[in-house]
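Going down the list, the sequences are from chains Y and S.
Taking the UniProt record's numbering, the leading residue of the first sequence gets 1, the next gets one more, and so forth.
Taking the UniProt record's numbering, the leading residue of the second sequence gets 1, the next gets one more, and so forth.
Everything labelled a hint here was simulated from the structure, so no lab data went into it.
Among these hints, one or two may not hold up.
[To be verified] Ranges between beta-carbon positions, derived for each pair:
no. : chain 1 : residue 1 : chain 2 : residue 2 : range
1   : S       : Ser118    : Y       : Gly103    : 25 to 33 Å
2   : Y       : Thr110    : S       : Met59     : 38 to 46 Å
3   : Y       : Thr110    : S       : Arg10     : 30 to 38 Å
Cβ atoms here follow ideal geometry from the backbone N, Cα and C, with glycine treated the same way.
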Amino acid sequence: MGTEIEPRTYRVTRADLVAYAAASGDQNPIHQDEAIATAVGLPGVIAHGMYTLALAARYVDEWIGEPGHVVELAAKFTKPVVVPAGDDGTEVTVSGVADERDGVRTVALTVTSGDDKVLGNPRAVLRG
Amino acid sequence: MPVDQSLVGRTFPPTAPYDVTEDGLAAFATSTGTPYAAGGPAPATYPIVVAFAAMQELMVDPEVGIELHHVVHGDQRFVHERPVVAGDRLVAELTVESLRQIGGADIIATTSAITDASGALVCTAKATLVHKAGA
Numbered sequence: 001m002g003t004e005i006e007p008r009t010y011r012v013t014r015a016d017l018v019a020y021a022a023a024s025g026d027q028n029p030i031h032q033d034e035a036i037a038t039a040v041g042l043p044g045v046i047a048h049g050m051y052t053l054a055l056a057a058r059y060v061d062e063w064i065g066e067p068g069h070v071v072e073l074a075a076k077f078t079k080p081v082v083v084p085a086g087d088d089g090t091e092v093t094v095s096g097v098a099d100e101r102d103g104v105r106t107v108a109l110t111v112t113s114g115d116d117k118v119l120g121n122p123r124a125v126l127r128g
Numbered sequence: 001m002p003v004d005q006s007l008v009g010r011t012f013p014p015t016a017p018y019d020v021t022e023d024g025l026a027a028f029a030t031s032t033g034t035p036y037a038a039g040g041p042a043p044a045t046y047p048i049v050v051a052f053a054a055m056q057e058l059m060v061d062p063e064v065g066i067e068l069h070h071v072v073h074g075d076q077r078f079v080h081e082r083p084v085v086a087g088d089r090l091v092a093e094l095t096v097e098s099l100r101q102i103g104g105a106d107i108i109a110t111t112s113a114i115t116d117a118s119g120a121l122v123c124t125a126k127a128t129l130v131h132k133a134g135a
């Protein structure tokens, strides 16, 4: 059961990944350099898994209307988000179902890029 | 060569103190488009900045025997005691919780306790690292 939350779609470009790498300290070149990404067998530059999880957290913050309410956040990184060069990059879509049980508010999330679910069992628990 | 079971239970030294700045928080929030007001609270995934430093200490330790380029992030979980805000000085202390070998990969479950300057727990960050040895 629960309450469905309106899906949102976020554009992700390589410029975003470069900015995130600088802000997070994760400078792994597979998130920035096509030649290195393909050399290790990836289809191209991929987003940091943590970037995608940050979009899931952003979605919850936007739904609530302000940051600071997420007390737990978790997901498995199941599929890479491939980010082509250029201003179009790719799109990541997040949707969620909010629920409350025994006074605990949760959001079960779905995070997709193209046809793929890119996070496994992404979920957030909110401050009561 | 698989990672040795003796790694389980090992706690690594705390990371160097990390000062959370207004600029650092704003850059992190901006890069992911996350709603953010000056000073904080930080985005929910922000503690990865400190947890990542702790994970790197594990991965570069020659005794552990991990090949850095063969590690992928399997999963991540944050439990927040309070939101991170600008002015926090954070350290992370990583403990290896478990180690399994599946299909030639080492599945390393870690917990990083992230504490502030008073020693109070701010966030627990749990990460699973998947190491494909010699892949």
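Going down the list of hints, with the structure as the test:
{"no.": "1", "hint": "Ser118/S x Gly103/Y: 25 to 33 Å", "verdict": "29 Å, holds"}
{"no.": "2", "hint": "Thr110/Y x Met59/S: 38 to 46 Å", "verdict": "31 Å, violated"}
{"no.": "3", "hint": "Thr110/Y x Arg10/S: 30 to 38 Å", "verdict": "36 Å, holds"}
Of the numbered hints given earlier, the model fails hint 2 alone.
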